[in-house]
Each structure stands twice: as structure tokens, then as C-alpha cells.
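**Student:** These are the residues of each chain, in order.
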Amino acid sequence: EPEVTQTPSHQVTQMGQEVILRCVPISNHLYFYWYRQILGQKVEFLVSFYNNEISEKSEIFDDQFSVERPDGSNFTLKIRSTKLEDSAMYFCASSEYRVGGGAPGELFFGEGSRLTVL
Amino acid sequence: AQSVSQHNHHVILSEAASLELGCNYSYGGTVNLFWYVQYPGQHLQLLLKYFSGDPLVKGIKGFEAEFIKSKFSFNLRKPSVQWSDTAEYFCAVYFNNDMRFGAGTRLTVKP
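Those protein sequences? They're chains A and B, same order as listed. Heads up: the first sequence begins at 74 in this note's numbering, then just goes up one per residue. Heads up: the second sequence begins at 8 in this note's numbering, then just goes up one per residue.
Hints are supplied without guarantee of correctness; some may be wrong.
[Said to hold, decoys possible] To be clear about the criterion: a stretch of chain B counts as covered by chain A if any three or more of its residues have a C-beta under 8 Å from a C-beta of chain A, and this derived list gives those stretches:
(1) 41-52
(2) 109-117
[Said to hold, decoys possible] Under the rule of at most 30 Å between Cα atoms (straight-line distance), these lysine-lysine pairs were calculated in the DSS-like manner:
(3) K130(A) <-> K151(A)
(4) K65(B) <-> K76(B)
(5) K56(B) <-> K115(A)
(6) K76(B) <-> K115(A)
(7) K78(B) <-> K115(A)
[What the hints assert, rightly or not] Some residues of chain B that are not near chain A, with every Cβ distance over 10 Å (derived):
(8) E27
(9) Y32
(10) I67
(11) F74
Just so you know, these hints were derived from the structure itself, not from any lab. Glycine residues also receive a C-beta, built at the ideal position from the N, C-alpha and C atoms.
Whenever a hint applies, use it, and build me the whole structure from the sequences.
**Tutor:** Shown next as C-alpha cells:
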């Protein structure tokens, strides 16, 4: 069964450092997402991405964050200068979009990348 | 803005008890509805989804949910829970290429 894969599974970094989280979405999916879940809190939407540009982003997704699809398979989330409050589990997800208003398809989630900022 | 509300933060049940977790959303247009489950230490997994048709949707592991459009609700149910159902349950609403999650409900099932 196709799946979304994320690396690394766990990253520990110092405050102020740059972090790149990587995701490989399901190959025929066209929409990509990043979510995060701070320990004990709800899953929060960060950003959605389609056709090589951001479709929508939340207020959390400030100038410290960026996303990129550097090649045909990877989808990355970069945090330029990490803060303590960026410590969370970051989930990548992808979905298949059917042109013509059909069902958008479910979101398929990766297993998450745990980021710990010290 | 679209919002999703899960009113139960923590539910504690004994095995074999029946479960109903509430989910309400704010948008009145065409939406797609999902329930995801997150077992301890694991990633989010899809339990069930509703796009159209029969408003009573059956998912994996004996779960079902009913879409009531007039109430903007999509409650999750299971007739008889097991200890292995202990997890966090998230309702989600998909609209216009945007997925929004509820705050989650933690379910603890006592053996």
C-alpha cells in the first residue's frame, strides 16, 4: 500500500538553528500539507501546497517557515531559526485531487517527525 | 473561518461500554468529513470518511459515524469498546483543499 514517508523520525536541535524536515508524498498525489502537534495539544494546520506554490497557510506559518518541492518526489518544511515553542511532532500529508469537483480523496499522513528544540 | 469542535476532551469507559464522540463543524457548504485515530506513539490513521451518499458511514474496527447535515454534526460511535481502542480521536473537515482538525478526544478504556 502506498504511504507517505517522513525523515528524520526525530531531530534534536539547538535554538536558533535551521531545520529541514523531509517528506515523500504518495506518488500520484497533487496536494501536500504540513501539520504539527505540540505535545498534548491538537493537530494544527500549517500549510497546504499545490502546483508548486502555497495554497493556504495558517497564522502559525510565519516567515520562519518555508516549504519547497525541490524535485518530483520530496516535499520539505524548513524552519529557519528554531524556537523552543517549535518543539512538536510535524506531520506531512498528501491527497489526490480529482478534477471536476469529485471527492478530494482522504489525507494520507506520514508517521511524523518529532522536533525537539533545546 | 471553518472550525471543528469536539466537545469531549477526555472520555473514560469500561470495556464493552458504548461510545459516542461528538463532532460539530461551522461551515454550511459541501464538506467532506473524517475521523482519524492516533494510538499512543503512532501516527494518525483514518478510521472512516464521508463524502456523499448514505449518511451512516461504517469504518474500520467496528466504528461508524453519522452525518447529520441539519445539525452540522458527524458523531463517531462504537457499540462496544475494547481496551485496544484507547487512543486520541480527531474529527476533521475538508473543504476547498483545506483540512481542519478538532482538538481531539482522548479515549481511555479500562479493562
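**Student:** If you check each hint against the structure, which ones fail?
**Tutor:** none
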